[in-house]
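Asks: Below are the chains, spelled out letter by letter.
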Amino acid sequence: MSNPEIDKKVKATLDAIETIEDVRVSSFLKDRILASTNNTDTVEMDNLWSWFTPSLQFIILVVFMVLNIYTCINLDAEDYNASVDEFIEAYNLVEDNGSTIF
Amino acid sequence: MTEETIIEQLKLKNTIVFSKLIDSYQQKIFGTCMSFVPNKEDAEDLVQEVFLEVFDSIHKFKGNSKLSTWIYRITTNKCLEFIRKRNTKKRSGFLRPLFSDDFSIDKTNYFTEFNHPGFLLENKELNETLFRAINSLPESQCVVFTLHKLDGKSYQEIAVITNKSLSSVESIMFRAKKNLQKRLENYYKTEF
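In order, the protein sequence lines correspond to chains A and B. For reference, each letter of the first sequence is one residue, going 0 to 101 in numbering that gives the first Met the number 0. For reference, each letter of the second sequence is one residue, going 0 to 191 in numbering that gives the first Met the number 0.
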């Protein structure tokens with residue numbers, strides 16, 4: 000191809016800019032943008048709890064369960080001792096260390 | 000509503016004002032994005048990103064320029080960043096030859112898939128070649144040429160958006176035109 004032909008092709012390519020038509024934006028884009036600003040708020044809320052990782056949640060759960068079990072055991076022992084004392088008192092089974100006249 | 004009031008309300012995260020801002024600018028921003036990226040879906044994603052940035056970063060706006068200029072600056076940066084990222088992704092594993100001026104169809108380049116509803120069928124090929132050629136220019140030349148020739152902005156507007164002097168914009172535009180001509184000539188020489 001001779002130079003004038005290349006020049007013609009180059010000119011046609013550059014002139015093609017003028018033929019590009021305006022494109023209208025989709026009508027739902029505004030709603031999408033507004034919805035995404037709301038999502039950003041949710042993300043920010045999520046970020047507040049981001050430090051509370053699953054491993055940390057598990058550790059806290061284990062500690063909570065251990066504390067509960069320990070408290071239950073202690074409570075049971077106290078209840079048991081209290082009921083035994085009550086029984087001894089009710090049937091007067093307490094050992095009398097006082098002296099007798101006999 | 001004055002520009003100062005709009006900015007104040009945006010800083011207070013007033014969604015009604017933000018909604019009005021979208022009404023006023025979405026078509027213009029979309030037009031600018033469509034000048035940089037040849038794909039309608041990508042351009043709409045970019046418009047969304049621009050408005051989110053405006054909403055989140057309005058407190059950083061110092062008022063040294065007009066609000067519209069600041070928004071166009073964000074738009075231009077977002078478009079360039081997007082093209083850069085897409086080119087890097089596409090290039091993974093296929094390093095382009097260094098120092099190459101060649102913009103002929105390169106599958107590692109973002110500008111291989113066009114979905115530009117503004118391209119007329121009879122000029123589709125010419126427009127695609129032009130987009131590839133523009134995007135093979137150095138970034139500053141690509142920005143100035145795109146904003147002026149495709150988006151229809153004046154040299155003065157481009158100077159404010161790109162933070163350059165008017166003479167600098169004119170000089171970049173001159174070099175862009177020359178380079179583009181040269182690249183197209185080389186392209187058609189190898190084509191035939």
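The reader is advised that the hints may include incorrect statements.
[As the list claims (entries may be wrong)] Mimicking DSBU-like on lysine-lysine, the simulated pairs with C-alpha atoms at most 30 angstroms apart in a straight line are:
1) B:Lys-176 <-> B:Lys-163
2) B:Lys-39 <-> A:Lys-10
3) B:Lys-12 <-> A:Lys-10
4) A:Lys-29 <-> B:Lys-148
5) B:Lys-188 <-> B:Lys-176
6) A:Lys-10 <-> B:Lys-61
In short, the hints are calculated from the structure, not lab data. Note that the coordinates shown come from a computational prediction; the quantities given were computed from them, not determined experimentally.
Asks: All the hints need checking, so say for each whether the structure fits it.
Replies: Status of each hint after checking the structure:
Distance check on the hinted pair: Lys-176 of chain B and Lys-163 of chain B sit about 18 angstroms apart at the alpha-carbon level, within 30 angstroms; holds. A threshold of 30 angstroms between alpha carbons decides the hint, and for Lys-39 of chain B with Lys-10 of chain A the separation of about 27 angstroms falls inside it, so the pair holds. In summary, the hint linking Lys-12 of chain B to Lys-10 of chain A is not supported, as the alpha carbons are separated by about 49 angstroms, beyond the 30 angstroms threshold. Using a Cα cut-off of 30 angstroms, the hinted pair Lys-29 of chain A and Lys-148 of chain B holds, with the two alpha carbons roughly 27 angstroms apart.
A distance of roughly 18 angstroms separates the Cα atoms of Lys-188 of chain B and Lys-176 of chain B; the hinted pair therefore holds under the 30 angstroms criterion. Taking the CA atoms of Lys-10 of chain A and Lys-61 of chain B, the gap is about 44 angstroms. The hint is violated against a cut of 30 angstroms.
Consistency with the previously given hints fails for numbers 3, 6, ordered from lowest to highest.
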